[in-house]
Amino acid sequence: MTTKAAPAKATPAKAAPAKAATEEPRTIRELRLAHKERPRRRTKAASNPLRAGLRLERMPDAHVFVLFGATGDLCHRKVYPALYQLWRTDLLPHEWRLVAFGRRPFNDESFRADVRKALELYSRVKPEPARVEPFLERIDYHMGDFGEDAAFDRLAERLATCEREHGTLGNVVFYLATQSTAFPVVVAQLGRCGLDHEIHGGGWRRIVIEKPFGRDLDSAKRLNREVGKVFRESQVYRIDHYLGKETVRNLLVFRFGNGIFEPLWNRRYVDHVQITVAESLGVEGRGAFYEETGAVRDILQNHLLQLLTLVAMEPPATFDADALRDEKVKVLRAIGEPTREEVERDVVRGQYGPGWVEAKPVPGYREEPEIDPQSETETFVAARFEIDDWRWSGVPFYLRTGKRLPKRASEIAIQFRAVPHRLFRDTAADPEPNLLAIRVQPDEGILLRFGSKVPGLGLDIRTVTMDFTYGSAFSTDSPDAYETLILDAMLGDASLFTRADEVEAAWRIATPILESWESGPPPEFSNYAAGSWGPDEADALIERDGQHWRRI
Amino acid sequence: MDIDTTAPVTNLRWSSRAQTVGAIEAELSKIWASTKLTVEGEGGEERRVSARTSVLNLVIIARRPELGEHAASVITHLAGRHPSRTLIVSPADPDGPSWLDARIQAQCMLPRPDASETCIELIYLTVGGESGRHLNAVVAPLLVHDLPVTVWWPGDTPLGLPMTRDLFELADRVVIDGSSWSGDGLGRLAKLAELVEDERLDVVDLALLRQSRWREAIASVFDLPDLMPFVRSIRSISVFYASHEGAEANVVKPLYHVAWLQSRLGLVVEQPLRAVAEGGYRARLKARGHHVAVRLQPQESAWSAGTTLKVRLVAERNDRMLDVDVTADGEGVVVVAEPEGGPRIERRFLAHRRTDPDLIAETIETVGSDSISRAAIRGAAALAGATH
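Going line by line, the protein sequences match chains A and B.
According to this note's numbering, the first sequence is numbered sequentially starting from 32.
According to this note's numbering, the second sequence is numbered sequentially starting from 7.
Hint data in this document are derived by calculation from the structure and do not stem from the laboratory.
Take the hints with a grain of salt, since some may be wrong.
[To be verified] Just a few of them, taken from the derived set where beta-carbon distance is under 8 Å, the chain B residues facing chain A:
no., residue
1, 222
2, 224
3, 282
4, 338
5, 348
6, 352
Quick reminder that beta carbons are idealized off the backbone N, C-alpha and C, glycines included.
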């Protein structure tokens with residue numbers, strides 16, 4: 032959104048230290064969520080002198096991993112392969128156990144066979160029998176319904192047995208890979224059985240929640256409240272798998288581990304920033320889900336805004352989870368809630384019609400299975416935001432995401448300003464301003480564009496690139512985002528998970544967009560052909576500022 | 007990170023010979039301009055392999071042919087992950103005339119089917135006569151400038167010699183393996199400790215690196231809140247190591263366990279190691295207010311001599327004893343902690359024995375100086391002090 036009017040910032044109330052005004056928790060609940068005043072837990076390294084410098088510091092404590100929604104697609108495609116990979120690389124302790132909680136009628140044996148099949152299909156390394164079997168032996172199937180008290184009572188007994196017989200030390204990760212509607216039910220059941228209680232001197236409890244974290248600000252607050260009734264914020268790990276991607280994690284290293292970029296990373300040198308998350312796929316059998324979701328809820332509110340915060344945040348004072356997340360929240364707060372006028376001016380939505388993608392004809396969104404033929408769900412969104420702070424004031428951030436775009440590509444592009452004095456204006460082609468592009472997927476890497484003289488007698492300038500690709504410098508597979516995030520949750524490192532106040536701050540930006548659309552006239556959909564880069568209005572949005580979207 | 011030793015190894019894409027440093031440099035520049043450096047792609051069309059990819063210079067000093075062969079095999083397994091210019095240098099015939107013979111190779115591999123081919127340069131250098139005593143003069147012109155230089159010297163490293171010092175001057179990181187030294191290995195520790203005082207140089211002893219799973223297991227005992235206070239009250243440290251009757255065992259690895267604990271807990275060496283008649287070694291450390299008895303105890307075993315079999319710690323605090331046994335067990339390490347009057351705790355740590363490619367990869371990946379290792383090496387040297 033555009034910068035708020037300057038006079039408003041000069042009022043006496045806001046003239047007080049800006050930091051205090053923006054950071055101070057306003058309610059007891061916020062205070063609790065922000066978790067600022069609590070003494071930080073001492074790290075193992077701080078208390079145990081033998082821990083310092085150990086490479087295997089990343090091995091989690093013995094624990095039970097309780098997986099809700101264990102028979103679902105997400106678990107088969109992502110969670111089991113990630114857990115197996117951690118097991119295969121000796122990153123899980125010997126005493127580790129998995130309790131798979133599901134409704135379908137399996138027993139331990141048949142469920143293990145099901146997981147074995149999932150690993151054969153989805154594991155990124157071919158499962159080796161010698162490694163798979165001990166992994167499967169650690170899986171117990173726990174049949175039950177989320178609404179059934181007895182099932183959770185039995186779960187509590189099972190966890191006690193695990194502790195006694197397998198030495199899991201009372202540590203438990205609860206992983207909710209369920210529909211979001213089930214979250215409050217499961218959390219309440221865990222609370223009813225006292226399974227959230229951390230035992231003094233050992234026995235931690237953590238809960239991992241898969242997105243979506245609500246569908247608007249109110250529902251997000253409600254969900255946080257329900258979870259907060261049972262678990263403390265420090266026990267809650269909200270997964271946005273985008274944050275586990277290697278390139279996204281590298282963004283922090285790139286920005287704060289290199290001295291040469293940070294001095295340029297501000298309004299003085301940066302003209303604008305473009306963040307694109309493009310998908311070539313359509314709804315792929317998830318029509319009913321997508322109808323209820325749309326591009327804003329599916330990508331903008333979480334992935335895109337998360338990428339934006341990582342690009343725009345101030346360097347945290349330390350690299351611990353709360354310091355990092357404090358800085359991210361400040362960015363979201365500095366964007367503020369868009370007004371109706373700002374939504375109309377700075378946000379464009381679209382829905383794809385029939386077209387050609389990857390040399391194949393594809394149907395329009397309204398012709399996809401499970402989709403309302405009159406659907407108003409957006410499959411594309413482009414937005415222009417401004418971050419109203421000292422570093423970024425006046426620098427537009429253009430975000431776009433969509434389905435059925437020409438290719439699958441995610442990228443962050445930092446467009447630097449042109450040189451102040453055009454020394455080479457008489458040459459055939461003026462040098463283009465410098466650009467730094469961080470490719471999140473595919474071909475993960477970083478590209479720097481600059482002008483260079485074409486060899487020869489004249490003074491022709493051509494734009495060239497220095498292109499770093501992960502594939503050439505590190506010819507190895509990166510861990511899957513789920514491996515990274517699940518291991519971090521087991522280790523109690525919340526840096527890459529979203530905090531409650533962060534989720535709500537993101538919804539404060541996304542909700543007014545959705546509300547504005549809901550209360551306005553129906554959109555004229557479809558307005559872009561599958562296989563194109565979105566509606567013409569998206570081009571107009573950026574061209575209004577004299578810029579254009581990067582051709583990816 | 008495990009290196010997959012079953013992964014496809016490299017294909018030889020270029021091979022040539024040269025007998026002078028200048029000729030080697032000329033051959034190296036030819037490799038990447040050569041039209042021969044192509045590979046047949048799908049459908050039979052020829053495509054050029056990707057350009058040279060180097061992230062480091064790796065210099066390996068192999069004084070015996072088998073060490074050179076082993077090192078070359080390690081490097082080919084690392085090619086995909088850590089492409090390098092590697093020089094495998096073998097000094098030969100020290101008393102003859104000076105000569106040099108080099109085999110220059112480009113080895114390439116496809117790390118993934120969809121990836122570009124990654125190539126490394128391997129230079130096998132045999133250096134005869136006086137030249138073998140000035141390895142730095144041979145190595146320096148062949149390094150890719152601006153890339154970090156790691157020198158790996160397997161086997162007996164002549165620490166302290168001018169030739170070694172000169173070579174290490176070129177390096178950012180030196181990798182040695184104290185457990186491969188001849189004899190009991192203790193004699194070289196003092197020189198190694200001198201080397202780690204050079205802040206410019208990172209020194210990695212693979213013998214110390216290999217034991218990380220043991221350290222993790224030992225540390226885990228004191229993560230338990232009830233047992234944590236005992237860590238400052240250790241009264242004895244015993245390390246049992248494999249020995250074969252009649253043969254002297256290198257005890258650098260067992261000693262490193264003690265040295266690590268000594269350095270982490272701030273213990274002072276009161277009485278350095280001394281060999282004892284019944285076999286093995288004894289030493290004494292001093293903590294605030296109490297002593298810590300140290301014992302390195304040989305035990306007949308099928309494992310190679312000097313391999314750690316068990317670490318036993320005894321601690322006493324407020325008249326309460328704690329016995330900790332950490333024992334090698336196949337592919338893992340088993341920890342048993344028995345606090346007096348408390349429950350017996352048993353944990354097993356899965357940890358595959360790491361191969362040389364794993365260890366070298368870890369060495370390369372670790373950035374910056376490792377103060378924990380430096381302190382452990384200093385401690386080992388202090389403990390070894392009285393025997394030599």
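Hint by hint, which ones does the structure fall short of?
Violated hints: 3, 5; rest satisfied.
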